[in-house]
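K.L.:
One-letter residues, chain by chain:
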Amino acid sequence: MNARSDNTSDQSPNSQTHVNSSANTAAGSVGVVTPQKFHFAEPLTLECNRTLPSFDLMVETYGTLNSDKSNAILICHALSGNHHAAGFHSVDDKKAGWWDNMIGPNKAIDTNRFYVVCVNNIGSCFGSTGPTTINPDSISSDDSIDSSDSSANHNSEPQVYGPDFPLITIKDWVKTQAMLSDRLGIDVWHAIVGGSMGGMQALQWSVDYPDRLKRCVVIASTPKLSAQNIAFNEVARQSILSDPDFKDGRYIQAGTYPRRGLILARMVGHITYLTDDAMKAKFGRDLKSGKFMYGYDVEFQVESYLRYQGERFSENFDANTYLLMTKALDYFDPTRDYSSAVAKDTTESAVPLENSIAASVESSKANAQNELEDAVATIEDIESDRQQELSALKAAFAHTQCQYLVVSFTTDWRFAPERSQEIVDALMATGKPVSYINIDAPHGHDSFLFDIPRYMGAVKGFLTAPFITHHRPAIGERS
Amino acid sequence: MRMDHQLAERWIAPQAHVLDLGCGNGELLAHLQQKLGVTGYGLEIDEDKINEAIGNGLSIVEQDLNDGLARFADNSFDTVVMARALQAVKSPDVLLLDMLRVAREAIITFPNFAHWQNRLHLGLKGMMPVSEALPYEWYNTPNIHLCTFKDFEQLCAQHDIHIVNRFAVSDSDKGHSPLMTALIRQAPNLLADVAIYRVTKKKTK
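If you read the sequences in order, they're chains A and B.
With this note's numbering applied, the first sequence covers 1 to 479.
With this note's numbering applied, the second sequence covers 1 to 205.
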């Protein structure tokens, strides 16, 4: 790994990957690929209750769809990723797609065998409909979809959506991907694969369209974001929102760009993708000039790296998209549609949770004995929360029909192995077929983009294994 | 086929939900799935074996048995199987009880430390036994809790665990000669080197 490599989990489009650029057309690469744009003229109603009158999806495909359309694999991208998962955009292209070490001839996702599809999600900024595309409302005001976002419509010039683009959820993305499946004539995916935020989409697919996928690969992901995850996202958002150049999201109209905010947001995010050990190995406390300068310019190598990453990222990414993507992460909750099934559990454990917050305030004044009692109560609350989470996930997974492979990485602290294990436990508790591996890798959350033999081997084996059809619910909780 | 696999096949009900602790490459699970249509999971920590099992379409979860079975609810399975791993875990007694919490029945195999060869080795040579069944030196063996049939049965008695079936075999007696089988029946703790137990919780009250 060279110190400048930014092979990061949210797949910056300008990421260097581990592919030899001279291999653009050689074995092991899908070679030169051309993205396609699919237009969907029908209105799309989103979870937030707003409607897009129409939308476009940018798509890349690799390999060949077989005659019965049974060999298709859908790849879901992460936070800042796009449709360019493998291959090169030209013969001279130096930079392969973001998952080129995973997808290609004879690779883990073997394009000799499978037809691989990768979609850029709506709300993104790489060609699919998003904040940087023209808002049709700004062209014809008579078919206004939402009066609240027509503030810019008085202008006769066509305007981009900007901050008026509706907030999107993982479920919305899965819906658009299902519409693309219909367009491609793919009734059932051989597999749906994703890492990080992509893993959330794969998981949501298995819940929302249980009969449309046979296998689901959920890598370095989580059943939902923790308070800490949301907190980091909020810092990233505030960096952008508080940049004077943000102009309430209308920076394109204002002729500015919240570059500093986006750089800062990216720096915070980037830290969470790496680990203390990985940063130590890569930079340690190395100084750029070899001595202390006693100022606030870049001194330590790690500062230089973070600024470089942030700057590169800000050149290729849209600030409104970044805001929207982090919100989509925060909102992710595959159990949301199944809350009635666990309503009883929720009310039961909501009470001790409130008690524990009240108790923790009290404990600051109380004696040691009280603190001990509070600690015990908190542990009980945590266990009760865990059980509540498990019940909710079990309700969501109850009707899934696919086989799962769940993969985590030992040093990932953004979405730690324990979070993947929550998914696995809920699947096992509902008797669903699931395999789980926890890969020992030093790169933190970023690990899912690395070529780790055991990881690649498991994915390859899972995708090509015979499909075991007979499965039934667990006999658990008979008592 | 391995004797313990044959017996497991006989003792597990068709369509049962099974948990295999230390499942290796999933050979037993695959066999039971094919023969009896069972469902279930294998727990394993060996990376290569896990990948092999995944490649065979089995449901394998990476987990160290020393972490216990807390992730499974009571009575989640019909049968839990553990082949030759009891002697290698940190707390065999705790795990045994946990197995009978998550499943109605447990099938367990382990090497018999009281086998006559081991006794000779220790008694005459005065050194820790090394054999086909126990191929390690004392300092590098994963088998940290070796026991004899008698020891195991005493543990079962202490915890109200009912032994439904017991089958003692001699791995060295490949042909399973009638004479050897008869002798083993008389003195299993001396002559058999591996035993397969089928145990269940004693009915309370």
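The set of hints was computed from the structure by calculation and includes no laboratory data.
We treat Cβ as the ideally placed atom computed from N, Cα and C, and that holds for glycine.
Some clues are possibly wrong.
Derived DEER-like restraints, expressed as beta-carbon distance ranges [said to hold, decoys possible]:
hint, chain 1, residue 1, chain 2, residue 2, range
1, B, ARG10, A, ASP276, 36 to 44 Å
2, A, PHE300, B, ILE45, 37 to 45 Å
3, A, ASP182, B, ASP48, 35 to 43 Å
K.L.:
With reference to the structure, classify each hint as holding or not holding.
P.N.:
For each hint, the structure was consulted:
| no. | hint | verdict |
| --- | --- | --- |
| 1 | B:ARG10 to A:ASP276: 36 to 44 Å | 53 Å, violated |
| 2 | A:PHE300 to B:ILE45: 37 to 45 Å | 39 Å, holds |
| 3 | A:ASP182 to B:ASP48: 35 to 43 Å | 41 Å, holds |
The earlier numbered hint that this structure contradicts is number 1, and it is the only one.
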